[in-house]
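J.: Using the sequences and the accompanying hints, generate a full structural model.
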Amino acid sequence: MGYEIKLDIFQGPLDLLLYLIKKNEIDIYNIPIAVITEQYLEYIDVMKSLNLDVAGEYLVMASTLIHIKSKLLLPVHDDTEDEEDPREELTRQLLEYQAFKEAALNLDTMNLLGRDVFKGGYLVGSETDGEHSLEELSIFELVEAFKVMVSRINPGEIMEIDVERMSLSERMNEIMERLNKEKALTFNDLLGGLSDRIKIIYTFLAILELMKLRVIKAYQSKPFGTIRIFLAVED
Amino acid sequence: MDNLKAIVEGIVFVSESPVGLKKLKGILKDVEGKEIIKALDDLVEEYDKRNGALCLVEVAGGFQFRTKDNFSPWIRKLTDIKPVAISQAAMETLAVVAYKQPVMKAEIEKVRGVDVSGTLKGLLKRNLIRMIGRKDVPGRPIIYGTTKKFLEVFSLKDLSELPTLRELKELGE
Amino acid sequence: MDNLKAIVEGIVFVSESPVGLKKLKGILKDVEGKEIIKALDDLVEEYDKRNGALCLVEVAGGFQFRTKDNFSPWIRKLTDIKPVAISQAAMETLAVVAYKQPVMKAEIEKVRGVDVSGTLKGLLKRNLIRMIGRKDVPGRPIIYGTTKKFLEVFSLKDLSELPTLRELKELGE
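Residue numbers (the working numbering), protein chains in the order written: chain Z, 1 to 235; chain E, 236 to 408; chain R, 409 to 581.
No lab work stands behind these hints, which were simulated from the structure alone.
Do not take every clue at face value.
Once the Cα atoms are required to be at most 27 Å apart in a straight line, the calculated DSS-like pairs of lysine-lysine come out as [stated by the list, open to error]:
(1) Z:K212 with R:K543
(2) R:K556 with Z:K183
(3) R:K565 with E:K284
(4) E:K312 with R:K431
None of these values were measured; they are calculated from a predicted model.
T.: If you want it as structure tokens, here you go:
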């Protein structure tokens with residue numbers, strides 16, 4: 001068998017399978033698993049013998065194929081009439097992938113700016129230097145900037161940033177914004193209207209955190225009385 | 236305004252990204268929207284009819300002057316132009332994001348059958364896709380979508396102009 | 409070449425700096441210099457006569473499309489509202505504020521390793537960050553946080569939608 005094809009032209013195991021299906025003129029709705037598995041494994045072997053890095057995904061697919069093949073070899077029990085064809089999931093995946101592969105090809109035929117059509121002053125440097133206007137800043141750049149810095153400081157200072165921490169910051173900001181406007185707030189002002197349990201917890205944690213930071217102060221005129229919150233420093 | 240058409244032309248010509256009607260209205264305060272639209276339509280037609288290299292097109296929610304596509308061989312001879320190229324892997328990931336947005340990384344990987352970290356990062360860097368939020372499921376995974384720049388680069392007015400995706404026949408259902 | 413004029417137009421339009429005769433000759437190998445000059449002259453005349461905002465001018469040893477002088481008031485209105493780019497330094501400071509808020513200037517400087525007075529001022533002016541209060545400790549340092557505008561600009565519903573470091577790592581190096 002001649003392998004005139006460079007293996008890196010495949011975009012992954014599904015792509016390779018589609019290629020084999022097309023090459024053998026196979027009906028995608030009725031894949032002869034034994035034949036396809038055999039050919040697929042031969043390709044993997046060729047990749048290995050060429051010292052090409054065989055990505056893990058190819059091996060996962062190989063074991064999936066073998067698994068399907070063995071399932072098909074098992075004798076059919078009477079009570080399994082509902083059981084779906086073990087090939088069905090694979091066929092579904094292949095059809096979906098094929099549709100998107102086609103969509104990618106279609107996208108490639110559009111008039112690409114910078115390839116087929118050009119705008120005024122379109123030059124290397126003018127566009128690719130990441131000069132994005134403020135309107136369309138991407139979070140990606142923000143996070144990248146942060147990641148670069150974090151890698152510069154010593155590892156001991158790296159804090160794990162998670163969604164919870166940011167939710168807390170969000171609540172802290174909201175409380176400070178209200179305090180700057182309304183000067184004084186009661187616990188009830190902040191917590192009263194809330195029905196979401198998580199939000200109540202975050203609000204409470206945010207108050208504690210702001211007190212710890214010495215940014216706000218809380219007063220109570222008598223035990224069990226109303227708790228009032230003020231800015232620690234009036235501007 | 237007598238020279239409305241010319242003013243619109245100048246503004247669109249000078250802008251780096253497509254100029255939308257809203258922006259034009261903001262600059263041309265005393266002019267009615269429909270007059271601006273008329274000026275734009277006239278310009279599109281004029282450049283279309285003229286036997287030149289330029290055309291005025293509607294992309295990414297605005298208008299932009301561009302070269303007609305049949306001139307690209309000549310433009311590409313400009314030594315300081317590096318043509319945009321998008322690899323097949325990146326294009327496939329982009330297609331999944333474009334058609335399935337808002338979409339999670341795991342969903343893209345399920346469709347493509349490969350790890351998409353690299354291509355996703357590349358597309359984010361090129362500002363063709365962006366993180367648009369988080370999905371309200373446990374773990375709150377990031378969801379991705381395409382950008383305005385995507386529309387501009389692919390010469391699309393909006394997402395509804397994407398070529399239709401082949402119908403996926405439901406199996407055994 | 410029938411459409412020489414259009415090809416020249418396209419090349420000049422696309423170039424960022426003025427395009428000289430030499431460059432045009434390099435691209436249009438089979439065309440004689442005087443034909444190119446004729447095409448340029450024709451284009452200059454055509455744009456001159458046309459009642460539009462654009463003209464083809466000879467500057468700095470080459471040709472370039474520009475808007476005619478009398479349109480500058482309108483163009484200036486555009487540049488006034490033209491969004492400005494954010495510098496890498498500003499982006500880094502913004503990132504520290506976003507992830508470490510509520511945060512003091514000294515803490516930002518510790519992470520960034522440089523004085524951040526300038527970038528902080530710029531970010532305050534652009535309304536991307538704000539002073540959210542003062543700490544009741546000696547010196548009463550200001551603490552900073554991000555604004556609603558920040559969320560808007562980055563298309564975030566709230567701060568919890570910011571990607572975490574772990575998620576960024578997942579996108580690969």
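J.: Has the given pair, K556 (chain R) with K183 (chain Z), been kept, meaning a C-alpha gap of at most 27 Å?
T.: holds, 20 Å
J.: Compare the distance between the alpha carbons of K312 (chain E) and K431 (chain R) with 27 Å, and conclude whether the hinted pair is satisfied.
T.: holds, 10 Å
J.: Sort out whether K284 (chain E) lies within 27 Å of K565 (chain R), counting only the CA atoms.
T.: It is violated: about 46 Å lies between the C-alpha atoms, which goes past 27 Å.
J.: Between the alpha carbons of K212 (chain Z) and K543 (chain R), is the straight-line distance 27 Å or under?
T.: holds, 10 Å
Going through the hint list in order, the structure does not satisfy hint 3, though it satisfies all others.
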